[in-house]
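Peer 1: In order, the protein sequence lines correspond to chains S and C. Everything in the first sequence is counted per UniProt numbering, starting at 1 for the first residue and increasing by one. Everything in the second sequence is counted per UniProt numbering, starting at 1 for the first residue and increasing by one.
Keep in mind that the hints are not guaranteed to be accurate.
Given that identical chains are not distinguished, each listed pair holds provided it fits within a single copy or across any two copies.
Keeping only pairs whose Cα atoms sit at most 27 Å apart, straight-line, the calculated DSS-like set for lysine-lysine is [stated by the list, open to error]:
1) Lys40 / Lys61
2) Lys273 / Lys295
3) Lys375 / Lys2
4) Lys295 / Lys119
5) Lys3 / Lys330
6) Lys55 / Lys2
7) Lys328 / Lys402
8) Lys3 / Lys217
9) Lys2 / Lys133
Since the hints were derived computationally from the structure, they do not count as laboratory data.
Number of protein chains: 2
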Amino acid sequence: MKKNVLIIGAGGVARVVAHKCAQHNDTLGNIVIASRSVAKCDDIVASVLEKGSMKVPGSIKAYALDAMDVAATATLIRETGSEIVINVGSAFVNMYVLSACLETGAAYLDTAIHEDPAKICETPPWYANYEWKRREACKEKGVTAILGVGFDPGVVNAYAALAVNEYLDSVESIDIIDINAGSHGRYFATNFDPEINFREFTGQVWSWQNRQWVSNKMFEHSRTDDLPVVGQQTAYLTGHDEVHSLSQNLDVDNVRFWMGFGEHYINVFTVLKNLGLLSEQPVTTAEGLEVVPLKVVKAVLPDPSSLAPDYTGKTCIGDVVKGTKGGKEKEVFIYNIADHKEAYDEVGSQGISYTAGVPPVAAALLVASGEWDVKEMANVEQLDPRPFLNLLNQMGLPTRIKDEEGDRPLNFA
Amino acid sequence: MKKNVLIIGAGGVARVVAHKCAQHNDTLGNIVIASRSVAKCDDIVASVLEKGSMKVPGSIKAYALDAMDVAATATLIRETGSEIVINVGSAFVNMYVLSACLETGAAYLDTAIHEDPAKICETPPWYANYEWKRREACKEKGVTAILGVGFDPGVVNAYAALAVNEYLDSVESIDIIDINAGSHGRYFATNFDPEINFREFTGQVWSWQNRQWVSNKMFEHSRTDDLPVVGQQTAYLTGHDEVHSLSQNLDVDNVRFWMGFGEHYINVFTVLKNLGLLSEQPVTTAEGLEVVPLKVVKAVLPDPSSLAPDYTGKTCIGDVVKGTKGGKEKEVFIYNIADHKEAYDEVGSQGISYTAGVPPVAAALLVASGEWDVKEMANVEQLDPRPFLNLLNQMGLPTRIKDEEGDRPLNFA
Numbered sequence: 001m002k003k004n005v006l007i008i009g010a011g012g013v014a015r016v017v018a019h020k021c022a023q024h025n026d027t028l029g030n031i032v033i034a035s036r037s038v039a040k041c042d043d044i045v046a047s048v049l050e051k052g053s054m055k056v057p058g059s060i061k062a063y064a065l066d067a068m069d070v071a072a073t074a075t076l077i078r079e080t081g082s083e084i085v086i087n088v089g090s091a092f093v094n095m096y097v098l099s100a101c102l103e104t105g106a107a108y109l110d111t112a113i114h115e116d117p118a119k120i121c122e123t124p125p126w127y128a129n130y131e132w133k134r135r136e137a138c139k140e141k142g143v144t145a146i147l148g149v150g151f152d153p154g155v156v157n158a159y160a161a162l163a164v165n166e167y168l169d170s171v172e173s174i175d176i177i178d179i180n181a182g183s184h185g186r187y188f189a190t191n192f193d194p195e196i197n198f199r200e201f202t203g204q205v206w207s208w209q210n211r212q213w214v215s216n217k218m219f220e221h222s223r224t225d226d227l228p229v230v231g232q233q234t235a236y237l238t239g240h241d242e243v244h245s246l247s248q249n250l251d252v253d254n255v256r257f258w259m260g261f262g263e264h265y266i267n268v269f270t271v272l273k274n275l276g277l278l279s280e281q282p283v284t285t286a287e288g289l290e291v292v293p294l295k296v297v298k299a300v301l302p303d304p305s306s307l308a309p310d311y312t313g314k315t316c317i318g319d320v321v322k323g324t325k326g327g328k329e330k331e332v333f334i335y336n337i338a339d340h341k342e343a344y345d346e347v348g349s350q351g352i353s354y355t356a357g358v359p360p361v362a363a364a365l366l367v368a369s370g371e372w373d374v375k376e377m378a379n380v381e382q383l384d385p386r387p388f389l390n391l392l393n394q395m396g397l398p399t400r401i402k403d404e405e406g407d408r409p410l411n412f413a
Numbered sequence: 001m002k003k004n005v006l007i008i009g010a011g012g013v014a015r016v017v018a019h020k021c022a023q024h025n026d027t028l029g030n031i032v033i034a035s036r037s038v039a040k041c042d043d044i045v046a047s048v049l050e051k052g053s054m055k056v057p058g059s060i061k062a063y064a065l066d067a068m069d070v071a072a073t074a075t076l077i078r079e080t081g082s083e084i085v086i087n088v089g090s091a092f093v094n095m096y097v098l099s100a101c102l103e104t105g106a107a108y109l110d111t112a113i114h115e116d117p118a119k120i121c122e123t124p125p126w127y128a129n130y131e132w133k134r135r136e137a138c139k140e141k142g143v144t145a146i147l148g149v150g151f152d153p154g155v156v157n158a159y160a161a162l163a164v165n166e167y168l169d170s171v172e173s174i175d176i177i178d179i180n181a182g183s184h185g186r187y188f189a190t191n192f193d194p195e196i197n198f199r200e201f202t203g204q205v206w207s208w209q210n211r212q213w214v215s216n217k218m219f220e221h222s223r224t225d226d227l228p229v230v231g232q233q234t235a236y237l238t239g240h241d242e243v244h245s246l247s248q249n250l251d252v253d254n255v256r257f258w259m260g261f262g263e264h265y266i267n268v269f270t271v272l273k274n275l276g277l278l279s280e281q282p283v284t285t286a287e288g289l290e291v292v293p294l295k296v297v298k299a300v301l302p303d304p305s306s307l308a309p310d311y312t313g314k315t316c317i318g319d320v321v322k323g324t325k326g327g328k329e330k331e332v333f334i335y336n337i338a339d340h341k342e343a344y345d346e347v348g349s350q351g352i353s354y355t356a357g358v359p360p361v362a363a364a365l366l367v368a369s370g371e372w373d374v375k376e377m378a379n380v381e382q383l384d385p386r387p388f389l390n391l392l393n394q395m396g397l398p399t400r401i402k403d404e405e406g407d408r409p410l411n412f413a
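The shape of chain S in the complex, shown without the other chains (with noise of 0.2 Å):
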């Protein structure tokens, strides 16, 4: 039994898992939020408080922490009494955080892979250049640490796990599709950090295919599926960090990821490649100023966590999962539809962040139950995927199955 939940981050998707954590208060105990920008944090507490989200009195405070210095940070762990760390902030800290974890024993979450800020698209399987190499010293010291548990990676593994162990007896291939089918109304928007989300489809793309790495241009290859609720969708085969982990832990000839893009998105996004305007690599202006144009671009876009309010639509993210069952070839798609108001209206936040900020808090529910609280480092579809989709159905982000039995939502109780 663990509690006490250390938030790291101040973004869209930490104020998701502030108001999920708050709204299981009683089981996961004090609530700390902490991040380079304590007003950020501020924010989040005051929205929590607000709309009431805290189950039962207690305890939620802000902090300001550097998560680089872990020192720092395994202070603050200590001191809070923190026993479980949800790492939300930037992915550039997930090392540094988890070796805070490590010195002090606290569980730790994380919903995206390790980057290294002047590496893009590293080579497969990057969790081997980071995080897998810590595996012998979570196990050494009964340190659980969790990688990858927001939605994509995280829930997909999931699903992945659970048409590979429940729905066939072979499998050939898992597809995971990303379609966000809402609209900010602006000119252009990311739906979470820019810097982050332009740098997974600058560089190569990734996928398993055939048992081997294949490496492609972003926009070369795509996929257009008349999915449910949202519809017609076209997919671009995309580098994701779920497709480094399945590709090892699941015995699956094929993982590839599939992100929905309009026109309108990939004709921004490929003028701003081709200009040079989404380079890590510094820039010197004429007049001398050393500038990473990424940067620049970040800076002048809308904050992803400002586009809420006027958020419409709906996402649907699921995996096609295709194999053989009782001889005969079958085809499953394990998916879940969030709608974008409905998600601001709960906790404030748009639908991509609801559906990344969801998922850590199920999972640090399991790990204070103690079901999840391995005592080592685990990738999602490792563990057993009942009860977090068990608890997903219950925290607002309910999975449905279809296959040639229909269209219907998956239970597990």
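Put chain C on the given structure of chain S with help from the hints.
Peer 2: Frame of chain S; chain C shown alone:
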């Protein structure tokens, strides 16, 4: 009789000016090239010597100069005995260089309107905000200052004056059309300083219609013409220097400027503008760095002078002038065709730089000879166009005319 030329600036246009001054150094005397970067000046000097552009043995020297330092510029003018200053530096330095000319008595020539770095698309007539405030000072001191004597503004002003003086009894409209039908083979590039280039288009677009200033947005109005050599081309109503002077100096109802753009240029421009990346106002990055987005865009785009070696195709720039002659409606198109590759072969710059750089040297020759040494401030349309266009016929920018009598060279011998 004036002689010895100081060229300020060391970009693609300055290179053309240097070569053309060298080709006429029997009249113009010693040549000095000065800019912030003496290395760029040295490079131009080397190019002039290497191509054997000096007509007679003479002096050509490079100096480092901050042209915003009026005292330093005045000292350089005096120490080098320069009686003619050709300012083809940034449009931000015009008023400083003019001050140095007023102080020393040197003739002043430039090719673009003065700009305040903090302002774009100023209120019309733009010249009245800066240059024309020095009219009295020029007259008092007998300083010749010829404003905007590049191609456009410059040669097109002379075309307008010629049409008004010689081809029509009454003029209803002057439409200046600037088409670059060349290709540089890059994804995207501007033909001169991207900062100055984009600043022309990001704000409002002023035109003189029915004797009033009319404001539009860029790309709001277009016209498609079947033009000599370059064929059918679409051009867009744009603000431009010469509209601000022609409207005041000629007695004409309508003066408009139209610039040709391809769909790709418009798309890139539109994306950058809508994102805020063409803004001249600083933004602050997440790391706290204050930076002007437009300067970063400039830093990632190709250096315009680097385009020259691969540039192919032609430009067509001219004036469509409509009115009446002998009681009948008449329309003339007075224009020039320039070729990018021919320009590069002759002076090492592409055609856009060539069309901008040759005219101020023709003007300098007319100042040297006394024909245009008017001892006051003038826009080109206030001066006799015949000797100017006659010189340009000999210097590589021949004038042609197309009217009801056909399409033919225009000679003034």
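Peer 1: Decide, hint by hint, whether the structure agrees.
Peer 2: Hint check:
1. With identical chains, the CA atoms of Lys40 and Lys61 are at most 27 Å apart within one copy only, with a shortest distance of 12 Å there and 58 Å across copies.
2. In this assembly of identical chains, Lys273 and Lys295 lie within 27 Å of each other by CA distance both inside one copy and across copies; the values are 13 Å within and 17 Å between.
3. Proximity of Lys375 to Lys2 under the C-alpha cut-off of 27 Å is restricted to the intra-copy arrangement: shortest distance 12 Å within a copy versus 89 Å between copies.
4. Proximity of Lys295 and Lys119 under a CA criterion of 27 Å is satisfied in both settings, with 14 Å inside one chain copy and 25 Å between copies.
5. In this assembly of identical chains, Lys3 and Lys330 lie within 27 Å of each other by CA distance neither inside one copy nor across copies; the values are 42 Å within and 89 Å between.
6. Only within a single protomer do Lys55 and Lys2 lie at most 27 Å apart by alpha-carbon distance; the minimum there is 18 Å, versus 88 Å between protomers.
7. Proximity of Lys328 to Lys402 under the C-alpha cut-off of 27 Å is restricted to the intra-copy arrangement: shortest distance 17 Å within a copy versus 78 Å between copies.
8. Proximity of Lys3 to Lys217 under the C-alpha cut-off of 27 Å is found in neither arrangement, the shortest distances being 44 Å within a copy and 59 Å between copies.
9. In this assembly of identical chains, Lys2 and Lys133 lie within 27 Å of each other by CA distance solely inside one copy; the values are 25 Å within and 77 Å between copies.
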